[in-house]
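**Student:** If you read the sequences in order, they're chains A and B.
Here the first sequence is numbered in the working numbering, starting from 34 and rising by one per residue.
Here the second sequence is numbered in the working numbering, starting from 34 and rising by one per residue.
Hints were generated in silico from the structure; no laboratory data involved.
Just to be clear, a hint being listed does not mean it is correct.
Note that the list lumps identical chains together, so a pair holds whenever it fits in one copy or between two copies.
[Stated by the list, open to error] Straight line, CA to CA, 27 Å or less: simulated DSSO-like cross-link-like pairs of lysine-lysine:
{"no.": "1", "residue 1": "LYS103", "residue 2": "LYS137"}
{"no.": "2", "residue 1": "LYS64", "residue 2": "LYS327"}
{"no.": "3", "residue 1": "LYS290", "residue 2": "LYS276"}
{"no.": "4", "residue 1": "LYS67", "residue 2": "LYS289"}
{"no.": "5", "residue 1": "LYS251", "residue 2": "LYS289"}
{"no.": "6", "residue 1": "LYS290", "residue 2": "LYS327"}
{"no.": "7", "residue 1": "LYS289", "residue 2": "LYS276"}
{"no.": "8", "residue 1": "LYS39", "residue 2": "LYS54"}
{"no.": "9", "residue 1": "LYS327", "residue 2": "LYS67"}
{"no.": "10", "residue 1": "LYS64", "residue 2": "LYS54"}
{"no.": "11", "residue 1": "LYS290", "residue 2": "LYS316"}
{"no.": "12", "residue 1": "LYS103", "residue 2": "LYS276"}
{"no.": "13", "residue 1": "LYS64", "residue 2": "LYS39"}
{"no.": "14", "residue 1": "LYS327", "residue 2": "LYS41"}
{"no.": "15", "residue 1": "LYS327", "residue 2": "LYS282"}
{"no.": "16", "residue 1": "LYS282", "residue 2": "LYS258"}
{"no.": "17", "residue 1": "LYS282", "residue 2": "LYS99"}
{"no.": "18", "residue 1": "LYS137", "residue 2": "LYS41"}
What follows is the residue order along each chain.
Number of protein chains: 2
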Amino acid sequence: MNLFEKIKAGDICSIARLISKVERRDPEVIKAIKEIYPHCGNAHLIGITGPPGVGKSCLVSELAGKFREKNRTVGILAVDPSSPFSGGALLGDRARMIELAGDKDVFIRSLASRGASGGLSAAVSDAADILDMSGKDLVLIETVGVGQGEVDIARLAHTVLLVLMPGYGDALQAMKAGIMEIADILIVNKADLSGADEAVAELSTVQGFQGMREGQDKWVAPIIKSSTLDGEGIEDIAGAVLKHFEYVKEQGFLRKKNRDRRTNQFLDIFTQQIRDEFMRLVKVDAGIQRWVDKIGDLELDPYSASEQVIELLRNAREQERDSRKRTRK
Amino acid sequence: MNLFEKIKAGDICSIARLISKVERRDPEVIKAIKEIYPHCGNAHLIGITGPPGVGKSCLVSELAGKFREKNRTVGILAVDPSSPFSGGALLGDRARMIELAGDKDVFIRSLASRGASGGLSAAVSDAADILDMSGKDLVLIETVGVGQGEVDIARLAHTVLLVLMPGYGDALQAMKAGIMEIADILIVNKADLSGADEAVAELSTVQGFQGMREGQDKWVAPIIKSSTLDGEGIEDIAGAVLKHFEYVKEQGFLRKKNRDRRTNQFLDIFTQQIRDEFMRLVKVDAGIQRWVDKIGDLELDPYSASEQVIELLRNAREQERDSRKRTRK
Numbered sequence: 034m035n036l037f038e039k040i041k042a043g044d045i046c047s048i049a050r051l052i053s054k055v056e057r058r059d060p061e062v063i064k065a066i067k068e069i070y071p072h073c074g075n076a077h078l079i080g081i082t083g084p085p086g087v088g089k090s091c092l093v094s095e096l097a098g099k100f101r102e103k104n105r106t107v108g109i110l111a112v113d114p115s116s117p118f119s120g121g122a123l124l125g126d127r128a129r130m131i132e133l134a135g136d137k138d139v140f141i142r143s144l145a146s147r148g149a150s151g152g153l154s155a156a157v158s159d160a161a162d163i164l165d166m167s168g169k170d171l172v173l174i175e176t177v178g179v180g181q182g183e184v185d186i187a188r189l190a191h192t193v194l195l196v197l198m199p200g201y202g203d204a205l206q207a208m209k210a211g212i213m214e215i216a217d218i219l220i221v222n223k224a225d226l227s228g229a230d231e232a233v234a235e236l237s238t239v240q241g242f243q244g245m246r247e248g249q250d251k252w253v254a255p256i257i258k259s260s261t262l263d264g265e266g267i268e269d270i271a272g273a274v275l276k277h278f279e280y281v282k283e284q285g286f287l288r289k290k291n292r293d294r295r296t297n298q299f300l301d302i303f304t305q306q307i308r309d310e311f312m313r314l315v316k317v318d319a320g321i322q323r324w325v326d327k328i329g330d331l332e333l334d335p336y337s338a339s340e341q342v343i344e345l346l347r348n349a350r351e352q353e354r355d356s357r358k359r360t361r362k
Numbered sequence: 034m035n036l037f038e039k040i041k042a043g044d045i046c047s048i049a050r051l052i053s054k055v056e057r058r059d060p061e062v063i064k065a066i067k068e069i070y071p072h073c074g075n076a077h078l079i080g081i082t083g084p085p086g087v088g089k090s091c092l093v094s095e096l097a098g099k100f101r102e103k104n105r106t107v108g109i110l111a112v113d114p115s116s117p118f119s120g121g122a123l124l125g126d127r128a129r130m131i132e133l134a135g136d137k138d139v140f141i142r143s144l145a146s147r148g149a150s151g152g153l154s155a156a157v158s159d160a161a162d163i164l165d166m167s168g169k170d171l172v173l174i175e176t177v178g179v180g181q182g183e184v185d186i187a188r189l190a191h192t193v194l195l196v197l198m199p200g201y202g203d204a205l206q207a208m209k210a211g212i213m214e215i216a217d218i219l220i221v222n223k224a225d226l227s228g229a230d231e232a233v234a235e236l237s238t239v240q241g242f243q244g245m246r247e248g249q250d251k252w253v254a255p256i257i258k259s260s261t262l263d264g265e266g267i268e269d270i271a272g273a274v275l276k277h278f279e280y281v282k283e284q285g286f287l288r289k290k291n292r293d294r295r296t297n298q299f300l301d302i303f304t305q306q307i308r309d310e311f312m313r314l315v316k317v318d319a320g321i322q323r324w325v326d327k328i329g330d331l332e333l334d335p336y337s338a339s340e341q342v343i344e345l346l347r348n349a350r351e352q353e354r355d356s357r358k359r360t361r362k
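Sequences and hints are given; from them, build the entire structure.
**Tutor:** In structure tokens:
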């Protein structure tokens with residue numbers, strides 16, 4: 034069996050090896066992704082996000098255990114987009130997951146930013162595809178934080194969980210960052226602490242402010258209290274996750290969600306390749322060199338320069354269309 | 034006087050107003066930036082980065098004071114790229130800068146990520162241009178962290194300071210993240226704590242590992258111990274900053290640094306506009322819609338799709354060149 038067949042058979046070492054390459058953005062990974070692509074599209078991708086310290090890792094472990102009880106295979110990607118200086122906590126958290134580690138139908142992996150600009154979100158997407166192809170029914174993608182990077186990563190998912198805790202008081206902040214808009218299930222974790230009901234009330238108020246969801250989506254995100262100490266709410270969350278996926282499929286949103294994800298993935302890859310192509314051209318093409326010098330020497334501002342190139346591309350597209358029309362005649 | 038003239042005259046309210054627009058990525062800002070662009074290029078941009086808690090804010094205040102003694106006008110941009118949940122500390126730190134606030138030749142401003150994807154680095158660049166045009170001799174750009182985001186922002190600067198502290202032991206981590214490569218001055222702050230000499234030795238070792246700097250650059254980053262308690266090292270750092278700028282100018286690197294910065298700025302703007310253009314086309318052009326559907330339905334992988342479009346662009350460029358040649362004949 035080659036690597037590709039081994040991954041399809043769910044071989045853990047092969048999955049891990051390819052995800053490592055994906056994390057390093059190894060150029061040879063592109064070939065593998067092209068092969069994997071047509072075999073994806075079966076897994077339910079679930080994003081779990083929220084500020085540090087609200088207990089996401091424990092919650093993810095508990096949820097994974099609950100899904101295993103329901104005979105679903107599970108992949109977990111724990112994403113740490115923070116600076117390499119603060120990467121320590123994550124592995125410690127992972128240790129808590131060790132109770133799942135004996136189960137060969139659970140695959141757990143941390144992904145960190147390895148310094149490649151904008152590469153983390155691409156790596157997470159590719160890693161999710163690998164787990165998808167390996168036959169995992171559910172892929173849990175845990176991100177730390179609620180900034181733009183997390184919103185970008187959460188957008189991969191079919192179902193997004195926002196985890197908060199009592200006394201945090203940051204539901205409004207989450208709304209500002211745009212994460213409330215894309216959260217399908219709202220969770221007040223550590224509900225054993227005092228203030229859990231107030232936190233639920235606050236979330237409910239913010240949800241009221243926020244108005245309609247995008248497009249035809251009429252889903253109202255349930256607000257669920259949970260505690261990993263006594264297992265409160267875990268069954269409810271697992272149920273809500275599966276119910277949301279049914280809703281997405283029944284309403285015909287699945288195709289749109291997948292299409293939006295793939296369009297963004299394409300645009301990320303395309304803009305990166307266009308940068309690479311441009312940097313290559315600057316080195317070999319004197320005309321482009323002179324033009325870049327004009328920007329560097331402040332004779333042409335970058336906004337006008339960009340408009341000029343976009344205009345050129347528009348014209349090229351129209352010319353191509355015209356010439357096609359003429360050929361037909 | 035219009036806004037533009039007021040900024041050129043150094044009017045603090047006008048500067049603040051335009052930077053706020055820049056931070057929101059207000060579309061009308063583009064017009065202003067186009068106007069500002071030819072009046073930039075006089076300021077010395079200084080990036081200060083390092084992990085949280087090493088005392089960057091105090092150090093920046095002290096440095097700003099030192100430069101004011103030397104009769105230089107100073108702008109300070111404090112960048113907080115972290116999630117909106119953890120934005121609290123920054124304003125507290127800023128309070129320490131209040132002693133500078135009475136001085137009209139110092140402009141201090143915090144910039145935070147407002148949820149616009151990839152927008153922070155663009156906002157910092159534009160804000161630095163605004164301070165440049167307003168006549169500030171030096172613009173200090175302070176970022177929290179040493180991840181890729183910070184490296185991107187530090188690349189704007191002509192001179193980059195990496196600040197660490199005793200007992201941190203993270204020089205190797207900084208090297209991994211690529212920040213050691215671009216640091217022009219290495220600082221062990223809080224040198225009053227024990228272990229400062231060991232930290233200097235560690236930095237020196239890591240510097241040895243790291244080998245040659247990019248291109249013809251023979252600058253060896255000095256390692257300076259500092260303490261904002263007794264002012265140790267502040268004069269040395271200020272001196273090293275000015276010396277590095279002289280070196281950059283003498284060696285003819287200034288134009289290359291500015292050109293690299295502007296090329297990256299152009300590419301950021303261009304790739305964003307190409308995304309916007311593409312999303313607009315998807316909505317109105319049935320051909321592009323069908324093509325995107327193929328990616329979404331997993332019939333075409335995004336890497337191959339990107340290669341196809343790049344190939345199209347290459348052909349369009351060559352056709353354009355050929356037709357120009359033919360016209361000349």
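**Student:** Now tell me, hint by hint, if it's right for this structure.
**Tutor:** Hint check results:
Taking the shortest alpha-carbon separations for LYS103 and LYS137, only the intra-copy value of 15 Å comes in at or below 27 Å, while the best inter-copy value is 66 Å. In this assembly of identical chains, the alpha carbons of LYS64 and LYS327 lie at most 27 Å apart only when taken from different copies (19 Å versus 38 Å within one copy). Taking CA atoms no more than 27 Å apart as the test, LYS290 paired with LYS276 passes inside one copy only; the shortest distance there is 16 Å, against 54 Å between copies. In the homo-oligomer, the alpha carbons of LYS67 and LYS289 lie at most 27 Å apart inside one protomer (21 Å), although the nearest pairing across protomers, at 38 Å, exceeds that limit.
For the homomeric pair LYS251 and LYS289, the shortest alpha-carbon distance inside one copy (15 Å) is at most 27 Å, but the shortest distance between copies (54 Å) is not. Taking the shortest alpha-carbon separations for LYS290 and LYS327, only the inter-copy value of 14 Å comes in at or below 27 Å, while the best intra-copy value is 42 Å. Proximity of LYS289 and LYS276 under a CA criterion of 27 Å is satisfied intra-copy only: 18 Å inside one chain copy versus 57 Å between copies. In this homomeric assembly, LYS39 and LYS54 come within 27 Å of each other (Cα to Cα) only inside a single copy, at 16 Å, whereas the closest approach across copies is 53 Å.
Only between protomers do LYS327 and LYS67 lie at most 27 Å apart by alpha-carbon distance; the minimum there is 14 Å, versus 39 Å within a single protomer. For a Cα distance limit of 27 Å, the shortest separation of LYS64 from LYS54 inside one copy, 12 Å, qualifies, whereas the shortest one across copies, 43 Å, does not. In this assembly of identical chains, the alpha carbons of LYS290 and LYS316 lie at most 27 Å apart only when taken from different copies (16 Å versus 40 Å within one copy). Within a single copy, LYS103 and LYS276 get their C-alpha atoms as close as 14 Å, which meets the 27 Å cut-off; across copies the closest is 67 Å, which misses it.
In this homomeric assembly, LYS64 and LYS39 come within 27 Å of each other (Cα to Cα) only inside a single copy, at 16 Å, whereas the closest approach across copies is 55 Å. Taking the closest pair of Cα atoms, LYS327 and LYS41 come within 27 Å of each other only across two copies (23 Å); inside a single copy the shortest separation is 52 Å, beyond that limit. In this assembly of identical chains, the alpha carbons of LYS327 and LYS282 lie at most 27 Å apart only when taken from different copies (19 Å versus 52 Å within one copy). When the C-alpha separation of LYS282 and LYS258 is checked against a cutoff of 27 Å, the pair qualifies only within one copy, where the shortest distance is 26 Å, while the shortest distance between copies is 61 Å.
In this assembly of identical chains, the alpha carbons of LYS282 and LYS99 lie at most 27 Å apart only when taken from the same copy (22 Å versus 63 Å across copies). In this assembly of identical chains, LYS137 and LYS41 lie within 27 Å of each other by CA distance solely inside one copy; the values are 14 Å within and 66 Å between copies.
The structure fails none of the hints (numbered hints given earlier).
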